[in-house]
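Participant: Here's the letter readout for the chains.
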Amino acid sequence: MRPRRIRSALPLLLAAIALSAACSTAADDPAGGTDAAEESDTDEAQGTAEEEAETGEADTTAGAANAEALTIAIGGDEGSLTPYTYRTGYPGWNLLGLVWDTLLVLDASNEPQPLLASDWSIDDAGTTWTLTLHEGVTWHDGEPFTADDVAFTFDYVSRFTQSRWTNAVAGVVDVTVVDDLEVTIELDAPDPEFAVRPLADMPMLPEHLWSTIDDPEAAGVEAAVGTGPYRLTEYEQDQRYRLEANEDYFAGPARVEELNIAVFADPSTAFAALRSGELDMSAIRLEPQLVEQFEAADDLAVARGSGFASTLLQINTERPVLDRTEVRQAIGLAIDPSELIEVVLLGTGTAPNPGFVHPDSPLSDPSLTHTFDAAAANELLDELGALPGEDGVRALDGAPLSFELLVYADNPPRIRAAELIQEMLAEVGIEVTISPQEAVTVDDQVWPGFDVSQGRDFDLSMWGWSAPVMLDAGRIAALGHSDPEIGSLNIGGLDDPAVDAAAEAVQAAEDAEQRQAAAQELQAALADARPFVTLYYGDEIFGYRPGSYDGWVFQDGQGILSKLSFVEVG
Amino acid sequence: MTTRRLSLRIGQYLLVLLLAVGLNFALPRAMPGGPLATLGGEDVGLLGAEEREQLLAEYDLDRPLPEQFGRYLAGVATGDLGTSFVDRRPVSERLLARLPWTLLLVGSSLVLTTVLGVAVGAWAAARRERRRDTGTIIGVLAIDAAPPFWVGMLLIAGFGVQLGWLPTFGAVTPGGPGGFGDVLAHLVLPVATLTLAGFAQTALVTRSSMLSVLGSEPLFVARAKGVPRRRLIGHHALRTAALPVHTLVLLEMGWLIGGAVVVETVFSYPGVGRLLFEAVLARDFPVMQGAFLLLTVTVIAANLLADLTYPLLDPRVRHPVEVTQ
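Sequence order for the protein chains is B and D.
So for the first sequence, this note's numbering puts the first residue at 33; every next one is plus one.
So for the second sequence, this note's numbering puts the first residue at 37; every next one is plus one.
Among the hints, a few may not be true.
[Unchecked claim] To give an idea of the interface, some chain D residues facing chain B are shown, with a C-beta separation under 8 Å as derived from the structure: (1) A73; (2) R88; (3) A133; (4) P136; (5) M189; (6) A193; (7) V197; (8) G211; (9) G262; (10) T283; (11) R310.
[Claimed, not checked] Chain D regions said to be covered by chain B (calculated; three or more residues, Cβ under 8 Å): (12) 47-58; (13) 106-117; (14) 152-164; (15) 198-208.
Hints in this document: simulated from the structure, not taken from any laboratory.
The C-beta atom is built at its ideal place from N, Cα and C for all residues, glycine as well.
Please put together the full structure from these sequences, using the hints given.
Facilitator: Shown next, in the form of structure tokens:
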């Protein structure tokens, strides 16, 4: 094996070559190159990955608690950084939180804490929320922030519906301004999620500027005026942002005076720039095969924690043969997630709950674990009468158990996982053909028009949902309910009475306790009906230079790019 | 070229342009998937049917295709390329923001490619069938075979990470003072990559063209009458051999706008190629149409330029009647 510490130029060049092969946008055949790199590094990296603590700050010899200016990499442009023009859930929404404030804020373990609202209470019926606002908060242009802005924001997101928060405020009946620093919000029914979303998720908009904005999706940087710890002072599309600390921030000025956010088109270039010292932190997830290198280097460190983004094997439950629950259960039994985690993620991931929810999510049912048992899978298929033909491929009702597996061509780890699944399923007589295609093309077959009522045209697909789904019981209900109105994320077309009943119970829950019980019920039902096989949750891993700044705070499931890393809140 | 032939040629190019304008409209819409994810943002899956329709209507995507095509044609005719699905900014504004960077990047590398290519090609030809010529050919072919993104990554690893001499990304230092020196420093590695990736073809064409000229009768005579070797190669041979090279360089110039997508991606350089690539991934129809149109126009313009300047280099084309064999 290679030496652990990379000092000479040659291994570095080799690493660069391996990296460039992983460069999905440029490589003709991204799968081939990355496979080799992953395999050769597996044994060695596995060991360190397991020894590694949750947040690896092993090399922090000269950690800096303050900094004048940091340069941070992101993986794509995020528009003019307003609540209507940012692009991605991560890191777009996280960047938004540097310029804008929410009423509440989620702390490192995702519990709601006061922010613009210094105090809040809920009445006994669970439908009236009273919020007391922090005194002396001003917008970046010096105007005071008041309860009118809160009422305006709730009204605005319900009028201009292309927002992340429109659904979350659908249950708001009335927002009453009691005085400058107090508002009451009345809901049509108790909503246990209300503190998380919208309150800790929806940035407050300045009425004096936004009341005249009628086309918020065309809003430019002049509309990016929040109350947050940083003001946006420069934006060059697809290149960079400059954020300067807001000296008047109500919770005290940020520990870093200036943040330069650089937009990268290719992750491997960002990792190279981090090593060359041009970058101080990369908000682009570090590839598992680089973790060891980064940990070994004296001037680099890695922040690591659980990630709530899921990776699944999605099954089309409407396809002949795959519409049999037993066949889907056999597929689940034949797959060994621990091997996927070892080979694809080099150990930097968490074993799956077959009912979808990450074990670290408060909603999770910890008693549900994945069972890998190829013999049991074979038995189950034999009992069904799906016997192997001459070529070893089983057939049921005259149809061979032979399926196409779609996967994003620009995602080498998922392609690698698909290849391993192909081998695992071959062991039980199920034939899989891997079909890597461009992302939008895959989406168009799995989730045409992003509307499950339009049907679907695939057998199997590598799939994943972003982190927010993991914290929101309502969206977990949407994963499996047969009615498209409720099951808006039911891309496999599952129609299972037990799942439907459990999903409806989640929707009807009136408080956190009921919701928790119903969500656990639902996970068990999903694990049993198997519309998908949960494979793993990859860790969130970020590289940084502790000598430049070492005050990073890891927010569970999100990462280190948030206001928690720069100011004392939450 | 006579006026009649010239106008005929321009007419042909106009026809090509018209066809291209039609294709630019049709091809993006023939791709699987659509711009809905771009329009709807991260929570597109939570949109109701009504909101979805409303969204498409906002961008006129609910209209019948012929009507959309008509609007697009009318727009192109009046110089209006529409607005981007991604940020609602005018497409022309987005293209113009990128164009100077691409021109700077690809323009500098085109000059270097040509100079280096012609020099290496001429040098190799002058040493034909010696060991050094063979070595040069092998070296040139090896460089030509290396994929640009790989060469780029090697340069980044060597000059950026190991030696720390040069910046590895972007067109200027984020948060830095900027200025001419900064832009120049950021230009070095991407231009070096493009030049390394591109000069081989020019070198090979120059070499083979030179070889055929060097073996021709006029050169034989020139050598016999004692023209010094330097003048023989530099004046007599190279000028004659420049014709195919001229064509090649102008054809490459046609690719100036969109041809650098890989290098722009590796170095996160804000050029048109990257804009086009991102527009394709986002199914941003107006930007795709606009960028492809720009691409078409440059290719056609470069071809036209090649046609117009060829006679300046070749007297036989300039005065066809006087040519006798």
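Participant: With reference to the structure, classify each hint as holding or not holding.
Facilitator: Here is what the structure says about each hint:
1. A73: Cβ of A73 of chain D sits 7 Å from chain B, so the hint holds.
2. R88: 7 Å, holds
3. A133: Given a least distance of 7 Å, the restraint on A133 of chain D holds.
4. P136: 13 Å, violated
5. M189: Since chain B brings a Cβ to about 4 Å from M189 of chain D, closer than 8 Å, the hint holds.
6. A193: 4 Å, holds
7. V197: 5 Å, holds
8. G211: Constraint on G211 of chain D satisfied, holds at 4 Å.
9. G262: This interface hint is violated because 51 Å lies over the 8 Å limit.
10. T283: Violated. Min distance 28 Å.
11. R310: Where the cut-off is 8 Å and the nearest Cβ of chain B is about 6 Å from R310 of chain D, the hint holds.
12. 47-58: violated (count 0)
13. 106-117: Since 0 is below three, the answer is violated.
14. 152-164: violated (count 0)
15. 198-208: holds (count 8)
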